[in-house]
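As a plain string of letters, each chain reads:
6 protein chains.
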Amino acid sequence: MADVELVPGGSLKTATAEEGRALAIKLARLIIKTTQPDADERTRQRDIYSTDPAMMIAMGQTVAIEFATVAAANNYWL
Amino acid sequence: MADVELVPGGSLKTATAEEGRALAIKLARLIIKTTQPDADERTRQRDIYSTDPAMMIAMGQTVAIEFATVAAANNYWL
Amino acid sequence: MADVELVPGGSLKTATAEEGRALAIKLARLIIKTTQPDADERTRQRDIYSTDPAMMIAMGQTVAIEFATVAAANNYWL
Amino acid sequence: MADVELVPGGSLKTATAEEGRALAIKLARLIIKTTQPDADERTRQRDIYSTDPAMMIAMGQTVAIEFATVAAANNYWL
Amino acid sequence: MADVELVPGGSLKTATAEEGRALAIKLARLIIKTTQPDADERTRQRDIYSTDPAMMIAMGQTVAIEFATVAAANNYWL
Amino acid sequence: MADVELVPGGSLKTATAEEGRALAIKLARLIIKTTQPDADERTRQRDIYSTDPAMMIAMGQTVAIEFATVAAANNYWL
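Residue numbers (this note's numbering), protein chains in the order written: chain A, 1 to 78; chain B, 1 to 78; chain C, 1 to 78; chain D, 1 to 78; chain E, 1 to 78; chain F, 1 to 78.
Chain A with its partners taken away, still in its complex shape (with noise of 0.2 Å):
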């Protein structure tokens, strides 16, 4: 696993929903990264993703789940 900063700031509170959506969207790149540290390959593997709509709908799959996380961990910032 490579030394990646995993939570950005170290927390899941956010401000406003948008800046949760954000780190919901930076958390589940950074589990890419941990997982992939070459960002060339990384590279390569987005030119393909965000060109194949079977991989960005999953994409989006593992956004939401994220953000699940981050919604209640904001509850919902009501």
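20 Å max Cα-Cα, derived EDC-like pairs, lysine to aspartate or glutamate:
hint: 1; chain 1: B; residue 1: K33; chain 2: A; residue 2: E18
hint: 2; chain 1: D; residue 1: K33; chain 2: C; residue 2: D47
hint: 3; chain 1: B; residue 1: K26; chain 2: A; residue 2: E19
hint: 4; chain 1: E; residue 1: K33; chain 2: D; residue 2: D52
hint: 5; chain 1: C; residue 1: K26; chain 2: D; residue 2: E5
hint: 6; chain 1: E; residue 1: K26; chain 2: F; residue 2: D3
hint: 7; chain 1: A; residue 1: K33; chain 2: F; residue 2: D52
hint: 8; chain 1: F; residue 1: K26; chain 2: A; residue 2: D3
hint: 9; chain 1: A; residue 1: K26; chain 2: A; residue 2: D38
hint: 10; chain 1: F; residue 1: K33; chain 2: E; residue 2: E18
hint: 11; chain 1: B; residue 1: K26; chain 2: C; residue 2: D3
hint: 12; chain 1: D; residue 1: K26; chain 2: D; residue 2: D38
hint: 13; chain 1: C; residue 1: K26; chain 2: D; residue 2: D3
hint: 14; chain 1: F; residue 1: K26; chain 2: F; residue 2: E5
hint: 15; chain 1: F; residue 1: K33; chain 2: E; residue 2: D47
hint: 16; chain 1: D; residue 1: K26; chain 2: C; residue 2: E18
Okay, the calculated bits of chain F under chain E, using three or more residues with CB under 8 Å as the criterion:
hint: 17; segment: 4 to 13
hint: 18; segment: 30 to 44
hint: 19; segment: 54 to 63
hint: 20; segment: 68 to 78
Since the hints were derived computationally from the structure, they do not count as laboratory data.
Backbone N, C-alpha and C fix where the C-beta goes; we use that ideal spot for every residue, glycine too.
Place chains B, C, D, E and F on chain A using the hints.
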């Protein structure tokens, strides 16, 4: 990551369950948009997945996961 | 997004668990309908996935996720 | 949608965790049944997925998701 | 459905998180066993999926979902 | 099932969200390890999935699901 608004209106709160479903769909689409900012490429992908039943089912799963969070944020509109 | 009613009756509340399952199925189908408004195309896809066991299993997962939300909204009909 | 009973006994309550697992399996199967009412076709599909490890794993995921709801409905049989 | 015990010991309660993980694995395997009662066929499938990284990842997802329920049933062993 | 420690340290509690993410990754890997005890085979599979974007996305989903449980166990480190 493109400069895309990820949560329309900045809140998970909606007046009704109907609006909550619509928000869940938008949340899912905005993740796609921020990952693939090219509108023509998104249209190309949409033509593919909207005619592919396996992808349509996967897309429905993503919306269902997003909706679980939106519904919890609204205490299920009770 | 087509002009489709996404939550029949506008509420996640149902009288029974049986009706809750039926609602979960409808919720999943209405997401498909709003994404693919062409009824003939939906029928074509249904003929494909209803004879494909992998797609049937995936469809079942979608309904299970929708039902989790419906059941929570109804406090599990206790 | 075929006229299928979707929740056997009409309730998510079971006496034991063992019965809760059995209910989760039944719930998953009844969604398949209502989507594909032809018993011969369901048998044909079962022969396919029961010999395909990827489909068996996916089937297991569906049951796990259904069980999460059944278990919550029963307060985990505590 | 084969006559298989679906919940070893009849309870989701375990003394430790370690035992909870082991239970989650067993729960997932027992669903496979009740769906495919033929031990030789299960061994054949296991040889396939244990050497297939995509199936191994999917298997891990199933266990993660089962574990979420087991962990909640044990109040996370706090 | 190989004799593998499934929960490092025996607890879902971590001091920080950062450590919680690392634990989620480890939990996912230990399920793989107990299912496929051969280290060379795991390395072979890792070389495959770490260069396959679809598998990387699926791996990320598994970690996201594990993390949801770890985060709940830690009350989101609030």
